[in-house]
Amino acid sequence: MGNKITVKNLNFFYGKDQALFDISLKIPEREVMAFVGPSGCGKSTFLRVLNRMNDTIPYARIEGEVKIDGKDIYKAKTDVVALRRMVGMVFQKSNPFPKSIFDNVAYGIRINRMHSSKKDLADRVEKALKDAALWDEVKDRLPTSAFGLSGGQQQRLCIARALAVQPEVILMDEPASALDPIATQKIEELVVELKKDYTIVIVTHNMQQAARISDRTAFFMLGKLIEVNPTEKMFTNPDDKLTEDYITGRFG
Amino acid sequence: MTMLTALCAIFAITILVIILAYIAVRGVSAINIEFLIDTPKPVGEGGGIGNAILGSALMTLLATAIGLPIGIGAGVYLAEFGDNWFGNTVRFLSDTLIGVPSIIVGIFVYTIVVLPMSRQSGFAGALSLAIIMIPIVARTTEEMIRLVPKSMREGALALGAPQWRVTWNIVMPAAASGIATGAMLSIARISGETAPLLFTALNSRFYNYFFDQPMASLTVQIYNYATGPFEIEHQMAWAATLILVGLILFINIVVRFLTKKKY
Amino acid sequence: MAKTGTFADSLFKGILTVFAGTIILVVIAMIVMMFWNSLPTIKEFGLGFLIGSDWQPASDVYGALPFIYGTIVSSVIALILAVPVSLGIAIFLVEQAPRSIASPIAFMVELLAAIPSVVYGLWGIFVLAPFIRNYLGPFLQDYLGWLPLFQGRLTGIGMLTGGVIMAIMVTPIITAVVRDVLEVVPTSQRDAALALGATKWETTLIVLENASSGIAGAVVLGLGRALGETMAVTMVIGNAPQISASLFEPAYTIASVLAANFAEATDRLYLSALIEMGLVLFLVTFVVNAAAKVLVMGVAKGTNAARQA
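Quick note, the sequences are listed as chains A, H and C, same order. The number in this note's numbering is simply the position in the first sequence, starting from 1, with 5 added. The number in this note's numbering is simply the position in the second sequence, starting from 1, with 2 added. The number in this note's numbering is simply the position in the third sequence, starting from 1, with 221 added.
Take these hints with a grain of salt, some might be off.
What the hints assert, rightly or not - Here are the simulated DMTMM-like pairs of lysine to aspartate or glutamate, each with C-alpha atoms no more than 20 Å apart in a straight line:
(1) A:Lys104 - C:Glu430
(2) A:Lys229 - A:Glu198
(3) A:Lys191 - A:Asp128
(4) A:Lys98 - A:Glu36
(5) C:Lys514 - H:Asp85
(6) A:Lys31 - A:Asp77
(7) C:Lys514 - C:Glu430
(8) C:Lys514 - H:Asp97
(9) H:Lys43 - H:Glu235
(10) C:Lys234 - H:Glu145
(11) A:Lys201 - A:Glu131
(12) A:Lys229 - A:Glu70
(13) A:Lys104 - A:Asp128
(14) A:Lys98 - C:Asp412
(15) A:Lys104 - C:Glu423
(16) C:Lys234 - H:Glu235
(17) A:Lys191 - A:Asp141
(18) A:Lys98 - A:Glu179
(19) A:Lys191 - A:Glu131
(20) A:Lys200 - A:Glu34
(21) C:Lys514 - H:Glu145
(22) A:Lys229 - A:Glu68
(23) C:Lys421 - A:Glu179
(24) A:Lys80 - A:Glu70
(25) A:Lys98 - C:Glu404
(26) C:Lys264 - C:Asp275
(27) C:Lys421 - A:Asp60
(28) A:Lys104 - C:Asp412
(29) C:Lys234 - H:Glu156
Said to hold, decoys possible - What the simulated footprint calls covered on chain H by chain C, stretch by stretch (three residues with Cβ under 8 Å from a Cβ of chain C suffice, anywhere in the stretch; the number is not a length):
(30) 4-13
(31) 61-71
(32) 101-108
(33) 213-219
Rather than coming from a laboratory, the hints here were simulated on the basis of the structure. Every residue, glycine too, gets a C-beta built ideally from N, C-alpha and C.
Please model the complete structure; the sequences and the hints are all you need to start from.
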């Protein structure tokens with residue numbers, strides 16, 4: 006399988022402070038790549054580099070190259086809106102819009118004018134909700150407010166919302182950190198299911214979670230990428246002493 | 003769309019600039035020392051706003067003396083003890099009172115002071131201003147006190163200080179600059195009030211130092227001059243406005259400067 | 222509480238309670254005194270006071286309808302003009318402008334609110350009224366003159382001028398509240414929209430939707446201010462108790478009839494009629510302000526729910 010995302014010599018700055026140092030990384034297509042590391046290590050910042058969400062931060066500056074499908078997304082003429090459509094994102098805390106369940110999922114479809122008819126829109130919403138394993142729980146109350154859902158359901162709704170615009174890559178920023186174990190398990194099963202069709206990058210602080218769901222793991226520390234390897238190797242026989250110390254819990 | 007919203011902002015600022023420019027240009031041309039100390043005279047004989055400035059100052063002073071302690075006290079109550087039905091009622095009534103037209107306060111004071119005394123007076127005017135001031139000061143004081151970190155209170159309580167000492171010696175000094183800022187803004191606000199003075203303090207053509215007599219004020223004087231028929235009166239209205247707006251803008255800018263430093 | 226309470230503590234709390242209670246006392250006293258003093262007209266005219274359209278103090282005929290009409294129409298004009306502009310300013314300040322320009326602009330808009338009403342009145346008489354008489358009025362009559370709204374003699378003094386000056390005065394107030402409610406919309410809402418490929422403007426719409434009840438509250442608050450706006454309106458609206466279709470005709474509002482006539486009202490029934498109108502204005506603005514508060518608080522709650530979820 007080819008590489009979906011290629012990052013070369015990436016440096017990232019908040020004003021004068023450098024947050025990421027010389028990162029090079031390849032993310033293969035239709036796999037789950039987990040980013041792990043102590044808090045403040047830059048894994049979330051790096052995730053947001055991949056769909057240019059950092060553009061919303063004033064004084065943020067980037068050096069190096071980020072290619073998706075071989076195209077540099079930081080080129081001046083890049084269509085950021087189209088990029089974000091292709092690279093979906095799920096946030097740490099679920100953030101449904103103050104709309105109905107249906108309208109939440111339909112939102113991205115509508116603004117990107119992807120549907121041909123009302124029927125098509127409804128079909129797409131249904132498919133996204135099914136893909137997010139939420140359909141059976143909400144099919145009878147689509148017109149009700151999204152705030153009526155439980156925390157785990159809201160998070161899966163946000164995943165459905167991201168899926169509805171048919172992205173190719175899904176970035177997940179600690180998507181289960183605010184959820185209880187059962188809801189977490191559902192999200193994890195969903196991630197494994199989704200990798201058949203999508204390239205998934207997931208930030209997590211939970212080592213077991215990374216071990217359970219990812220094909221590859223990248224370990225970050227203090228803004229540097231320390232090691233990236235197939236998950237199994239990383240957790241049994243890491244190349245780097247720092248990685249070993251971290252996953253065996255000697256610091257962090 | 004950014005163009006359109008920026009246009010809205012530019013529009014508002016343009017209005018501000020036009021208003022201030024008119025006040026500056028028309029005011030400066032009519033102002034002089036005599037004008038600032040004289041009392042009003044029949045049209046054509048000059049005259050000034052000395053007594054109106056004094057009246058405004060006296061009434062603002064008395065209003066502050068009445069309104070500030072009550073407002074601050076109420077604000078401290080709301081912040082320190084106000085999480086109950088009584089506090090909620092006071093908070094709700096303060097917020098709605100702030101939005102009630104000031105002329106209504108004038109009517110109220112008319113019924114409780116002017117009617118029984120059967121005379122308009124500086125006291126009635128000052129009382130109206132005080133009533134307008136109290137809820138504003140109360141709410142800003144509450145907000146400022148709530149900003150004082152809990153750790154500061156707990157530190158003092160842990161040392162065995164009684165509640166009133168914690169509030170009086172620790173919390174209030176910590177919030178003092180914020181409370182002072184709120185007080186200054188409320189003084190700026192009442193010094194521009196006209197409606198509640200119209201039939202409480204009424205007006206006067208003389209220097210008057212006594213609160214039991216009708217009293218002149220800058221704002222009522224501006225109203226009278228502005229609605230008068232003669233050009234010379236209009237000029238005096240602009241000049242008096244320059245004084246009033248100058249003072250109010252000065253307070254606002256000083257407050258802005260003081261509060262900006264903290265962030 | 223009771224155990225740690227020393228005598229000094231209860232004294233301190235007692236004094237503060239009295240100060241806080243003053244506010245409740247003032248509001249109750251306002252209602253009672255105004256009601257008491259308007260009893261003569263309430264007894265004499267009953268509800269007819271509110272729907273009567275004749276106002277002739279000389280012959281003791283008091284109907285408040287022209288004032289109620291003038292108050293409502295001038296406030297509606299003010300809101301129609303002020304709401305879009307205020308929304309635009311607030312969106313610009315919160316969503317679009319970089320901090321370095323947003324902050325001074327916000328301050329200047331706040332200064333508009335600091336200028337006293339009587340000063341707006343002065344400016345209205347000598348700058349705005351001539352502008353409407355010589356430029357805006359003829360322009361409206363040229364293009365929309367077939368509407369009854371824009372027919373009649375142009376003096377520059379009248380309903381439209383009153384509405385326009387009110388609009389300028391409520392704009393900073395609505396802007397300030399809308400800014401506050403936009404600022405509490407969590408960043409995660411903007412992030413979510415952006416991450417779905419929404420444009421800046423589409424993202425702003427999501428933010429507005431989040432803040433919708435707060436924005437409604439801001440508009441209602443602006444309405445409350447407009448209804449009670451006194452001096453500036455008194456000086457430019459023309460002070461004639463009539464109900465006319467034309468916006469160029471002079472009109473009268475409740476607040477301005479109080480400002481213009483209260484000092485001279487010595488007759489018992491006349492005074493009672495004015496105080497009763499004051500009572501009506503008080504109750505209406507009280508309710509409107511309370512509604513605004515509920516709406517604005519609702520927004521804070523809504524976003525909290527969104528944040529905790």
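Structure-based check of all given hints:
no.	hint	result
1	A:Lys104 - C:Glu430	holds, 9 Å
2	A:Lys229 - A:Glu198	violated, 30 Å
3	A:Lys191 - A:Asp128	violated, 23 Å
4	A:Lys98 - A:Glu36	violated, 23 Å
5	C:Lys514 - H:Asp85	holds, 18 Å
6	A:Lys31 - A:Asp77	holds, 14 Å
7	C:Lys514 - C:Glu430	holds, 18 Å
8	C:Lys514 - H:Asp97	holds, 8 Å
9	H:Lys43 - H:Glu235	holds, 11 Å
10	C:Lys234 - H:Glu145	holds, 19 Å
11	A:Lys201 - A:Glu131	holds, 19 Å
12	A:Lys229 - A:Glu70	holds, 16 Å
13	A:Lys104 - A:Asp128	holds, 19 Å
14	A:Lys98 - C:Asp412	holds, 11 Å
15	A:Lys104 - C:Glu423	holds, 15 Å
16	C:Lys234 - H:Glu235	violated, 52 Å
17	A:Lys191 - A:Asp141	holds, 14 Å
18	A:Lys98 - A:Glu179	holds, 8 Å
19	A:Lys191 - A:Glu131	holds, 19 Å
20	A:Lys200 - A:Glu34	holds, 9 Å
21	C:Lys514 - H:Glu145	holds, 16 Å
22	A:Lys229 - A:Glu68	holds, 14 Å
23	C:Lys421 - A:Glu179	violated, 26 Å
24	A:Lys80 - A:Glu70	holds, 9 Å
25	A:Lys98 - C:Glu404	holds, 19 Å
26	C:Lys264 - C:Asp275	holds, 18 Å
27	C:Lys421 - A:Asp60	holds, 12 Å
28	A:Lys104 - C:Asp412	holds, 16 Å
29	C:Lys234 - H:Glu156	holds, 18 Å
30	4-13	holds (count 8)
31	61-71	violated (count 1)
32	101-108	holds (count 8)
33	213-219	violated (count 0)
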